[in-house]
Each structure stands twice: as C-alpha cells, then as structure tokens.
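Respectively, the protein sequence lines represent chains G and X.
If you're matching positions, the first sequence starts at 1 in the numbering used here and goes up one per residue.
If you're matching positions, the second sequence starts at 1001 in the numbering used here and goes up one per residue.
A couple of the hints might just be wrong.
[What the hints assert, rightly or not] In silico EDC-like cross-links for lysine to aspartate or glutamate, where the CA-CA straight-line distance does not exceed 20 Å:
1) Lys-7(G) x Asp-1127(X)
2) Lys-7(G) x Asp-1137(X)
3) Lys-62(G) x Asp-470(G)
4) Lys-1246(X) x Glu-147(G)
5) Lys-383(G) x Asp-302(G)
6) Lys-488(G) x Asp-470(G)
7) Lys-1246(X) x Glu-47(G)
8) Lys-62(G) x Asp-191(G)
9) Lys-48(G) x Glu-147(G)
10) Lys-1140(X) x Asp-1127(X)
11) Lys-594(G) x Glu-67(G)
12) Lys-7(G) x Glu-1132(X)
13) Lys-209(G) x Asp-191(G)
14) Lys-420(G) x Asp-470(G)
15) Lys-383(G) x Glu-418(G)
[To be verified] One-sided excerpt, in silico: chain X residues whose CB lies under 10 Å from chain G:
16) His-1251
17) Phe-1254
18) Met-1288
19) Asp-1299
Hint data in this document are derived by calculation from the structure and do not stem from the laboratory.
Yeah, the Cβ is synthetic: ideal placement off N, Cα and C, and Gly gets one too.
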Amino acid sequence: MFGRDDKVSGIRLTAAQYMILAIFLVLAYGLWRLQVMQSDLYATLAEKNRIRNVPILAPRGKILDREGRVIVDNYPSFSALLLRDSSRDLNADADLIAQGLHLDANEVRTRIRRFASMPQYQPIFLKEDITPDELAFIDAHRNELPELDTIVAHRRLYPRNGFMAHLIGYVGEVTEDMLNQPQFELYSPGDVVGVSGVERQYNTALMGKNGARRALVNSHGREVGLLGETDAIPGKQLKLTLDIDLQIAAEEALEGKNGAIVAMDPRTGEILAMVSRPTFDPQSFSVRVSRDQWSKLITDPDKPLLNKAIQAQLAPGSTFKILMATAGWQEGIAQTLHVNCSGSAEFYGRRFGCWVKGGHGAVELEKAIYQSCDVFFYTLAEKLGIDRISKYAAALGLGQKTGIDLPNEVSGVMPSEEWKIRNFKQKWFAGETISVGIGQGAVAVTPVQLIRAIAAISMGGKMVVPHVVDPQELPSGYVETSHVTETKNIPIDPSGWTFITDAMSRVLLPEGTAPSAHVPGVDIAGKTGSAQIVSLATRAKFKNSEALAQNGWFVGFTPRRNPDVVVCVLFEGGEHGKLAARIATQVLKAYVDKQRRTPSKLAERQKSDGQVDIGALWTAPASDKLETGRYVLDLPKTPTIAAIAAPGMHE
Amino acid sequence: MSRYVSFRDFDWLLLVFVLMICGLGVMEIHSATVHTKFAGSHIRQIYWVVGGVGMMFLISLVNYQALLDQIHWFYIAAVASLMAVMIFGQKYLGAKRWIKMPGGNHFQPSEWVKLILILAMAKFFADLRNRELSWPDFMKAGAIVVIPMLMVLKQPDLGTALTYIPIALMGVFLGGMQWKQGLAVGLLAAVAVSAVFLVPRVHVLKSYQKQRLTSFMDPENDPQGTGYQVEQSKIAVGSGGLWGGKGSQTHGAFLPVPQTDFIFAAFSEEHGFVGALGVLLLYFIVLMRLTQNAQTAPDRAGTFVVMGVVAVLSFHILVNVGMVVGFMPVTGIPLPLMSYGGSSVLFMFMALGMVMNVRMRRFVN
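Generate the whole structure from the sequences, applying the supplied hints.
The structure is reproduced here in structure tokens:
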C-alpha cells in the first residue's frame, strides 16, 4: 500500500500549468487581434450599428398672393419609410411590406435597388400620405419588420378643383432624369421637389432644408438616446404678383371652356391672373398618382397638364392686326392707306376673302381695326412685305420667349424669309405674307407673348417682362430673376399708338366687332381675333383643315391711356373673338370693380364670409384615425375690398 | 493525529484576487444593466458573492476527507437531482434546467453536480495508487462523468454538459493516463465532433445547438441569429480598442446578455485591451495560486480536488473568453466569478471552499 504522502506526478502538474498558460496566451492573442490590430474596423462597425439618421422633413414655404393671402399651404401626414441600418434582408421582406402598404413588390425592390448607392443611414421613402390601415400595419409589424417606420411629413395643400393649378404647379419626388440635370445635382433620391409651375421655378426658395435626428438605437431598432439634432430649415414663403380676386374672376370666366387667360400689369409686367383650361387637380396626384390617372392626363387631347398661357402656340388671328397697324404706321404706310373692301381681294393670283362676305366698303386704318377688315390688312401686308412685318413683330417679342419666370415656356413662331430658308430650305412665297397680315399662316404665338406685345403698344413702346414673382419679394440668394424687371423701349410714334388704341376702344362699341362685350362705364380698348387652328404641330397634321373650330382671341386693356391692366383671352374652339371678348371684359370688370371699391358680386360674398377655409384630411400623429380639419385663411377684413374664396376653396 | 485547523492557513491572498474579479464583475453588471429591465442585478450579485463567501467558509470547515468518504451518497444524490429536473423541472426558454425552490429562487442542479464530480474523481483517483492508469479504471472514470453528462445534455444544456469533460480529463491526466489512452480520448473527441456535424441522423444536439456551433465559424453568414451574437460580441470587443470606449454595443443592447455570458465582451468594450488583459491576468494569478495549493496538498485526493477546480475554471475561461473573441462557438457557458447568476457564483465559491479546505489541512499529518 502507498502512504498518504504519495504525491501526484509533479511533472504532470507542471504540464497542466503550462497548458493553462498556453490557453491564456491564445485568449490574449484573440483580444490583441480584435482590440489592437482591427480596432478601427470594429469601431466603424460599432458606429454603424448604433446610429440611425432620421430625417426631419422641412415644410415647403407657403405660396401667397400679392396681398399676402395664402394660396398653397401644408398639412401633416404620415410617410412610410424603410430604414436600412438594420441588418435585415430588405428584399426578402419586400413582399410582406408591399402587401401591407398596398404597393407592388417589384416596385419596392426597384426602390431598394435605386437607393443602393446611397449612404446606409439614409432611409428609403416607400409611400407618402399613408392611410390609417397602412399605419396600423406598420405598428402591428414593429417586431417582424423593424426596418419599417413612419415619419410625419408636411404635404402640400393645394386649392381644390385645379384652381390656379398650372401657375402653381405641383411637387413630386425628384426623378432620376431630374437628378442628372445640373440644377438638381444637390438633391438626393426621395427629395420632394417642384415638378412644374412656380413650385418648380422657385423650388430652391420654397424647398427648405431637411434636418436630421442622429439617434442611438439598440439592436431592436428602438431609440435609446439622442446624439444630435439638426433642425429642419423650413422653406421660404413666396409672394406672387397674382391677385386672388382677379384670379377667381378669371377662373370663373373660363369655367367649362378650353383656353387660357392672362392678366398683367402693363407697367411692370406683373402677372395678376393666369388660367389655363382644362385643368387638373394637383392634390390628387401629388399624393399618389396612379399609372392610369397619369396616362389619362397625358393622352387627353385637351392637354390638361399644359399651361396654355405660356405653352400653347397658336395663330393669333386678327389680334395680330394691332401689330400690323403699328408696323404700317411706323413705315408711314398705314395712316394713308385707303382700301375698298368688296369682301375679297386677289393677291399674287389667289383670292383672299374678308370675314365679312359683303365687304366693308371704303376702309381706312381706324375702321380696319374696329371692324377688323381683312382686305385692308392683306393690302398692308403686301405693301410691307414679310421682313418688315417680322422686324416689328420680333421687336415686340413675337416668336421668342418672353422670359417669364415659369418653366417650359415655348417661343412660338414669327416667320420671315430667313426663317423659311433656315427651317424649310425653301424660298418665302410672297403669297404667304398675305395670310400673315391677318395673323394666320406660319405665325404662332403664346397668350403671354401676345399680351406682352399689345401691352407694349398700349404703353407707347415700353416692353416689360411678364413675371409672377417680384424679385424684390424673393429671399436673397435663392433665385436670380432680376431680368424680369428690365424694360425695353421700342420707339413707336406717339401719334401712331394713340391712334391705334383709340381705334381699339371702338371695338366694344356698337360699330365694333364685339359690342356685346361692352361694359358701361369702363374704358376698354381691345382687339378680337378668330384664328384657324394652325400651330406648328397641327399645321403638319391637318393642313389648315376647315373641320377644326376656330379659336377666339381677345386682348384688351383698361383704361385706354396709361392702362393698369391688360387681359389676354384664348378661347379654344370659341369660333369668334367676341366670345373671347366677353370673357376678357368679365376679368377687366372685376379688376375695375376692385379698384373702384364698388360692391360687386364678389364683395357681397366677402361680407358674409370674410375667410377662406380649406378642408384637409390627415392622420394625427397620436392616433391612427383619419381626421378631417379645416384651415381657415383670414382674408383682409377691409369690407370694401372684394375678397372671396376661390371656386375650389369654399364649400 | 492533530485535527487543529486554523483560518490562519486560509488562502487569504487567493480570496483577495477572487474578490477583485467579483468586484469587477459587479461593476460591469451594473454598467451593462443600469438602463435595462435588469437594473439592480449587481446588488443581487453582491448578495450572491457574500453568500458564496459564507458558503466557502462553511465548506472549508468540513474535512474534505470526510466528504470524500461519503462521496458515493453524494454522487447518487446528484444523479437523483438531475432526474428530478427531468421530471419536475421548470421549462424556460425551451430548456428544463431549473427546479423551483421554496422562496422563489431557482436551483440549477447541474452546477452543483460539477462539484460532486470533482470530488468523485478525486476519490476515484486517490484510491488508485498505480503509476499508470489501467484500461478498466480509465473506462470507469469515464463512466462516472458520462452518466450525469448525458442527463444534462438531455435538458438540454450543452454548455454545462461540456464543463464535465475537463473534470474527467484532468483526473485521467493526473491519474497516470497512458499515451494510448490519450490517443483514445482524442479519437473519441474527433468522432463525436464529426458525428455531430457530418451525420445528419445523429440527434444528440438540437438543430439550434448545431447551428450555434457552426455559425461561429462564419458569423457574417447569419447576422441575425447566433452568428449575429458572435459578430456583435466581436464588434464590442474590437471597438473597445486599447483603452476602452463608451460601450455603445453594451448599452445599445447589440450585445446579447451582456451581464451573463457576454460580460467579458461588455467589459472589454468599456475598458479596452488593457482592462481585458488585466482581468485575464487576475484569472491567471488565481489559477497559478490554485495549482500551487494543489502541489502543497496533504494527500493525493487533495491534489485531485484542487486540480479538478482548476480544470473547471480554466475550461470556463477558455470557452467563455474564446466565444467572446470569436474563437469558440456560443455554448452558454458563463465566465465564473464575473457573470451574473447565483448558481454560477455559489458553485465557484463552494469549489473554492473545497480548495481552502484542502489548503488548511496541508500541515495536518
């Protein structure tokens, strides 16, 4: 038997000690590897793990009219967004997400792909203005879909029923095409930008700058601390030169018709009203435009998305005769021209008819203007020749963009011999000049061009640039639009433009072409026009087809001397200019009524109302119930100033 | 035979180092839980440590030789308690490991079975006085450990079951293991590992256990599962750097259970390489002090008892810290003395009580 002192092998005990030492060296190496050799890598991984950037969306600036009344406001709504800082396979969850948010799963995947190159902390906006049941879905799936979150966004609240829609424009998510353009280079996918109209033109001022919350989040995506917050900088509010009262009058005047109205202050170029019909509801598709809705808008032959005030290129018809008269006077021809109108006349072997089949008899310039005698202006055109006509028309801004501060203005066409050769590689035929003399043929104008030219004549040659925002009202450093306040002086013989405007004031008298548009007590000078539909595009298609109804035009101003306001009406399919004249005089009368502070239909409504309220629909942050509410816009309580709700705004 | 035993012979130095580790553990538990629903755990941990120290003193008073004489009863009781867990155990998180005790505490028998196994091994090898271990004795030693081990594996508690292996290995190694037997152990381990991983019909391990064991090798492949835990642990340790940081992994709850199994990761994140190495050094000092006590033990049995404790403690450190730095799979083995948890703390102090017991009797002849 062994004794008690029989010991365990000392060598094996020592071996055990060395084994323990070996274990500790291995563990120490493991620590060294992670904490010293690769500590930078793991520090960045830890940083990525815990910081979540949640944007704080900046509200866009409000849009006000010239008197500070709110036209476009914001309302709060929820947007669904996808956080990418959680280490989840977003593509695998796409089906469930798409189902819950009523989206197309492939669309969700496309969005995830689109954002792949963006920094991880930038969330993906999935859907805006989500409904209560979609909000409930997100809440119910906090654990299954921790990457899905909501954010309170400020959505645009536009006037209803497309009121002023073309001028204001609308907002939308910045598209990939836009991101490739230099003016959008600072934006990132998901940003909401102005897509058309003022919203686009003055986007930089209106947009503001999103802030961000840098939040510490735990592994469940819950915020456990706040690292920092950059406040959102709200967009600047924008004051337009528009007058809601006049805009309402213009919208009402063109209700149910197609065409455009522009009202402008000829002294400054400030646009007071701008309407284009048919219109669209920016609210309905700035929220969620379905493919069907969009393609319907795009393919509609009446082109509801087109702002006809600046984008329709049409023959000006007889309104062009004012420019003809001015050119003829300057050349010393018109004032001495006497023509006998027998209902038609022959030029270059072709018979050209007057719109009065029986003829006007003996016609001189004044009668030719208020009776709109075609034969007189055929003769004048023949005597002037296309290049002299073109010279004056071009000097008055036809065939070129006016420079109005709205996007996508078109230039129209003012033909000349050189233009014909350049564009058609053909010589100008003298016969074509005859049609141009009455505003037909190749000449195509936009309403805003026409109003600018007539305004210049009414102002004795002072040419303004039409604009919807006074550069002085702009926040400094946002948009450079000082060119709109520059004026040009076109030398026009004073006896010439006073003679012509005097003749124009007889258009609305019994002997004129539009006596039915006469407004007692208001000194309106104007010119009607009825033009065949001949734009560059339709000309090619229809070859002066007789089947298409004529467009009615009217350009008028008041008072006759030193006018305060010019109105141009395009009444598509209006057949005769006198119908356009009636529309125009409604707008002019509204303006005069407001100036004279006389009670009108508008003022009466104002007394009983005094406020504009806009209905809105949103989901409150605290609950998932859909709530409705009203934004009450206080209008100036001066009882004599006519102020009412827009047709789309009030009940 | 003098039975005089004095606390003067108690290993006070060892106790100081052990309490230093416990103190760091309590600190880290506080830091990791302060803003969570587990806030206040560090106070409970202090109670456990105080209770453990008391237990240690109590155990050091009972002569270990007397305990060893009765070890077969203890062994039977241990197996019975594991049986009781199988029958009456509380199911929690898919595993039956605890028995609910009167007073609301949960008792985990598999912890104290470890202690019984240390003593059983000591008794078994102390009674064998051959220089070389015979094959039948080798098999018997294995059986003593394997029976409770399989019962724990059934709970299932892979981590604790694995901690029984080093007890057997240490016993066999010091008990005169032949190189052929060593080869057999190595072969057995290789077969077991390959069977678990390669043969799909072997259902020794649950699929989550298998996944846990495999995912540590490729954590990025499974970032939200167990691989996620390993990955988060590595991020925590790595981001601590040389001097430690603010501990966003720990406080952001990216690190799983930072007060128990991943406490070393939490500590490493907050105190860096320097702090983590300091803790390892403390453990190393404790282990060296323990082996020294084993060498000075009055008899063969005493040496085996102390070295059994050394084996369990080293294995825990190896597996836990190895897991934290990404060398080892996630097995749910806590870091002794630092991790929060009554069973773990009490076991460690009871084991240390056995060590003290042996040491206090080193001059007894």
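Evaluated hints:
A hinted pair counts as satisfied when its Cα atoms are at most 20 Å apart, and Lys-7(G) with Asp-1127(X) qualifies at roughly 12 Å. Between Lys-7(G) and Asp-1137(X), the direct Cα distance comes to roughly 19 Å. Compliance with the 20 Å bound is thereby established for this hinted pair. The suggested pairing of Lys-62(G) with Asp-470(G) holds, with an alpha-carbon distance near 16 Å, which does not exceed 20 Å. Among the hinted pairs, Lys-1246(X) with Glu-147(G) is inconsistent with the structure: their alpha-carbon atoms are about 26 Å apart, more than 20 Å.
Between Lys-383(G) and Asp-302(G), the direct Cα distance comes to roughly 39 Å. Violation of the 20 Å bound is thereby established for this hinted pair. For the hint pairing Lys-488(G) with Asp-470(G), the CA-to-CA distance comes to about 18 Å; that is within 20 Å, so the pair holds. Among the hinted pairs, Lys-1246(X) with Glu-47(G) is consistent with the structure: their alpha-carbon atoms are about 11 Å apart, no more than 20 Å. Restraint check for Lys-62(G) and Asp-191(G): satisfied, since their Cα atoms lie roughly 18 Å apart, inside the 20 Å limit.
Annotation: proposed proximity of Lys-48(G) to Glu-147(G) holds, straight-line Cα distance about 15 Å (limit 20 Å). A threshold of 20 Å between alpha carbons decides the hint, and for Lys-1140(X) with Asp-1127(X) the separation of about 13 Å falls inside it, so the pair holds. As the CA atoms of Lys-594(G) and Glu-67(G) are separated by approximately 13 Å, the hinted pair is consistent with the 20 Å bound. Annotation: proposed proximity of Lys-7(G) to Glu-1132(X) holds, straight-line Cα distance about 14 Å (limit 20 Å).
Note on Lys-209(G) and Asp-191(G): the hinted pairing holds, with a Cα-Cα distance of about 10 Å set against a maximum of 20 Å. For a cut-off of 20 Å, the pair hint linking Lys-420(G) to Asp-470(G) is broken: about 38 Å separates their Cα positions. Using a Cα cut-off of 20 Å, the hinted pair Lys-383(G) and Glu-418(G) holds, with the two alpha carbons roughly 19 Å apart. The beta carbon of His-1251(X) comes within 7 Å of a beta carbon in chain G, closer than 10 Å, and the hint placing it at the interface holds.
Taken as an interface hint, Phe-1254(X) checks out: its beta carbon lies about 4 Å from the nearest beta carbon of chain G, inside 10 Å. This hint holds: Met-1288(X) has a C-beta 7 Å from the nearest C-beta of chain G, less than the 10 Å allowed. A least Cβ separation of about 5 Å between Asp-1299(X) and chain G falls short of the 10 Å threshold, and the interface hint therefore holds.
Going down the numbered hints, you'll see the structure goes against 4, 5, 14, while the others check out.
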